[in-house]
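Required output: the full structure, derived from the provided sequences and hints.
Residue numbers (the numbering used here), protein chains in the order written: chain V, 1 to 247; chain W, 1 to 247; chain A, 1 to 247; chain H, 1 to 247.
Read the hints as simulated data drawn from the structure, not as lab findings. Here the structure is a predicted model, which is why all the values come from computation and not from measurement. Treat each hint with caution, since some may be false.
The list cannot tell twin chains apart, which means a pair is met if one copy fits it or any two copies do.
[What the hints assert, rightly or not] Okay, derived cross-link-like pairs now, DSSO-like style, lysine-lysine, Cα gap no bigger than 30 Å in a straight line: (1) K246 with K98; (2) K27 with K182; (3) K98 with K209; (4) K50 with K4; (5) K77 with K37; (6) K104 with K37; (7) K209 with K246; (8) K27 with K98; (9) K246 with K4; (10) K209 with K83.
Number of protein chains: 4
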Amino acid sequence: MASKTFYAVVAGVGAGTGRSVALRFAKAYPVALLARKPESYNDIVAEINKAGGQAVGVSADTSDEASVKAAFEAVGKEFSGKKLAAAVFNVGAGFAVKPFLELKPEELDVALAGNAKGLFNFAQQTLPQLLESVPDSPHPPTLIVTGATASVRGSARFATFAASKFAARAIAQSLSREFHPKGVHVAHTIIDGVIDIPRTKDWQVNEGKEGGKISPDSIAESYWYLHTQERSAFTQELDLRPYVEKF
Amino acid sequence: MASKTFYAVVAGVGAGTGRSVALRFAKAYPVALLARKPESYNDIVAEINKAGGQAVGVSADTSDEASVKAAFEAVGKEFSGKKLAAAVFNVGAGFAVKPFLELKPEELDVALAGNAKGLFNFAQQTLPQLLESVPDSPHPPTLIVTGATASVRGSARFATFAASKFAARAIAQSLSREFHPKGVHVAHTIIDGVIDIPRTKDWQVNEGKEGGKISPDSIAESYWYLHTQERSAFTQELDLRPYVEKF
Amino acid sequence: MASKTFYAVVAGVGAGTGRSVALRFAKAYPVALLARKPESYNDIVAEINKAGGQAVGVSADTSDEASVKAAFEAVGKEFSGKKLAAAVFNVGAGFAVKPFLELKPEELDVALAGNAKGLFNFAQQTLPQLLESVPDSPHPPTLIVTGATASVRGSARFATFAASKFAARAIAQSLSREFHPKGVHVAHTIIDGVIDIPRTKDWQVNEGKEGGKISPDSIAESYWYLHTQERSAFTQELDLRPYVEKF
Amino acid sequence: MASKTFYAVVAGVGAGTGRSVALRFAKAYPVALLARKPESYNDIVAEINKAGGQAVGVSADTSDEASVKAAFEAVGKEFSGKKLAAAVFNVGAGFAVKPFLELKPEELDVALAGNAKGLFNFAQQTLPQLLESVPDSPHPPTLIVTGATASVRGSARFATFAASKFAARAIAQSLSREFHPKGVHVAHTIIDGVIDIPRTKDWQVNEGKEGGKISPDSIAESYWYLHTQERSAFTQELDLRPYVEKF
Chain V
1 MASKTFYAVV AGVGAGTGRS VALRFAKAYP VALLARKPES YNDIVAEINK
51 AGGQAVGVSA DTSDEASVKA AFEAVGKEFS GKKLAAAVFN VGAGFAVKPF
101 LELKPEELDV ALAGNAKGLF NFAQQTLPQL LESVPDSPHP PTLIVTGATA
151 SVRGSARFAT FAASKFAARA IAQSLSREFH PKGVHVAHTI IDGVIDIPRT
201 KDWQVNEGKE GGKISPDSIA ESYWYLHTQE RSAFTQELDL RPYVEKF
Chain W
1 MASKTFYAVV AGVGAGTGRS VALRFAKAYP VALLARKPES YNDIVAEINK
51 AGGQAVGVSA DTSDEASVKA AFEAVGKEFS GKKLAAAVFN VGAGFAVKPF
101 LELKPEELDV ALAGNAKGLF NFAQQTLPQL LESVPDSPHP PTLIVTGATA
151 SVRGSARFAT FAASKFAARA IAQSLSREFH PKGVHVAHTI IDGVIDIPRT
201 KDWQVNEGKE GGKISPDSIA ESYWYLHTQE RSAFTQELDL RPYVEKF
Chain A
1 MASKTFYAVV AGVGAGTGRS VALRFAKAYP VALLARKPES YNDIVAEINK
51 AGGQAVGVSA DTSDEASVKA AFEAVGKEFS GKKLAAAVFN VGAGFAVKPF
101 LELKPEELDV ALAGNAKGLF NFAQQTLPQL LESVPDSPHP PTLIVTGATA
151 SVRGSARFAT FAASKFAARA IAQSLSREFH PKGVHVAHTI IDGVIDIPRT
201 KDWQVNEGKE GGKISPDSIA ESYWYLHTQE RSAFTQELDL RPYVEKF
Chain H
1 MASKTFYAVV AGVGAGTGRS VALRFAKAYP VALLARKPES YNDIVAEINK
51 AGGQAVGVSA DTSDEASVKA AFEAVGKEFS GKKLAAAVFN VGAGFAVKPF
101 LELKPEELDV ALAGNAKGLF NFAQQTLPQL LESVPDSPHP PTLIVTGATA
151 SVRGSARFAT FAASKFAARA IAQSLSREFH PKGVHVAHTI IDGVIDIPRT
201 KDWQVNEGKE GGKISPDSIA ESYWYLHTQE RSAFTQELDL RPYVEKF
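Here it is as structure tokens:
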């Protein structure tokens, strides 16, 4: 029963959270999936289309303004006449755990480009569209930003990654304060734990306990819930962590 | 399709949030409603039972250990054989906005008794029951605590109320850290705005804009969402505020 | 070269921080020392007076309004004609580390009485005096509240203590916002570590490293620094922790 | 009575905080002043040298790794044989207050380069020197980072500036956690108000009240106090605001 008039976009899809979010929002909307490389979205696009949903994938580097613009032009052609109901920024970049004096300035650049500039560019492309959807979107038009433990804590040896996630949180906060009164919901999430995805399959966390890694489908459910909040009760920030996680 | 084996309890019901939460959880569970006076729960109990749900009301002063114990004994008789799936502490007490030097020590006592001791007593009665439900509850057994702006901000002239809400937040945090690993979900919410209830009907907030007061039904939806989170992705704290609220 | 016109008061003196703060402020002001029992202040009073300073000790239970009032009447007689320049609330009460279900409501009462009601009563007695000193105090009249890790973190098994320290922090914040514009400086400190006092002599913390426990004299220096801040640059909250402390 | 063996460095000097900090630290140490243009430090260098202190100015763009390296080589020649006791990062860049959709990606670049990359580069040059001074520095070697309201709050229309100040705070936090145990003190300050400097002379803040803008000399005093903290009691974060400032 997907909406024919509205679509959703997810930037930063791959085998983990982005895929789950795409599948969840595809139950309600046609979805546009952005990733740097086709191999990151091809399978998800196929999976959604095969299941009767509607998905398109577009290659884009969100840290590059021109690339994001071009991607949304391509999306606009594919989804001609559709308006944007939800945008999810799920790009992760520049994760590094190193003694500070071993870090290179380029590592800070990469983290800031991916997490802060990427969000900036993505928000600049999506917010005008989300504003247009305020009058008739099925739920308040929503921009959701994926954060991490490092969004609120500068741990030892996380200087570059934390810098970029703090920066993204600042942008999300600022956008909430500016765009909530205009009717667009902007939410930031703090994913405080290891996500259970192929890449972390062999990571030993929380003593290997079942449920010790965060299910990406549960993250997707929380994003869907955030999107469905009506405007008298917007959540700006929500944390998610495994029941056995220390915090 | 309410559960026959599990029940929910809501402390602090009245015409506002408590009522909405009771109605929402009554869709899934028989509900026990606690309030100091029968007139606070009678109508809600009748409304739920009339609609085909199951509800009982019990008079209790949660700030008094013996009173809470007695209330749960009464609930135990009514709901014999049922296990507790969700407990909501929604008691509000001691709201006062006054110059500090005009406050009386008794006003601090009232606020602390209602918001901090009440939560303490309620948690001591419900957590053992929630722990017993871990193996087979439809969703992870959940304790939800209603907080406010004053839970995270000691504003001028809010000394007593903020003291008691900060204290309740501390208790909720501590319980999350102790009981999450045991499988019980403890969440704290920050209701950052005026709730749209009979008592606030004439309050002019956010320039009287539609949606400028928080819908208690939306709060209830967020509580239900929190309850349904599976254990790999528990939220500890969630804020809710109107789109036009300054923060 | 102690001030003859102004005095300072320290509530919660004993062998640790209170003593160091008393000695530090006694270099500049006559000091009144409050503690529940004379054995807590007798030696410090003697030490100060012997060193050429001026000190009086008064027995008081700050959690009891009448007791605090009586104490300040006694102080007023001893220090007749002197005005209050600085007040330090250093009372610690109700420290307990226990599984939540083993705690008794009385333990919450004791913690709230000591840390929250005590501060409330102390602030109600000292703020009117501090306000009177605004025009001519050598430094902006100051109220300093000693906090702890548990003032900002509800750790597992710290429910009662954290509740009371969160509450005190709320009061301090509220007082800052109300009294800063009137010229009285209210500051809250977060002592995030074990203090190096006789009672903790045998505690093994930070692997026994030198400097792994906080020097109470250093805490006292920070309080003195806070007191000397001029009013264009007030600090509301300051943390202190050993260099080897994890945080 | 300035130290002959140790020196201090201040990056980001001009007519305001940097100048006051330079003058304050020059009472104890020879000081190296970094700014992009000589006109920013020439007068201060002259003022310090004339008063009997020792100062050198070096042009540097802290956002450029090579430029910072070259600057410290120049400083090393001027202060040959001296070790670094204190480093202050006071660079401010990219302040902008604009509707988000009017911001250009370049404005984010400028803010991140100035506040985040600048701190990164400055810390990479100074931390190795500060580590060498641990054994014999008169006070624990110290790195102080100047923050702002926007370091902890993403206000509407502050997206780029807040992003960069959040990022700098993350770096400072991470460095505290990594370098405190090695004996180097890293502190972050939150200057929560308008500073009383030539540039803000005509700004109407806090209704023009005396003391309504922060004295840069008071900021400098707080930095000096932070530097003098002994290692059992390090402050990681300290806020400063005018007594009449809303917060």
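*Hint by hint, which ones does the structure fall short of?*
8, 9
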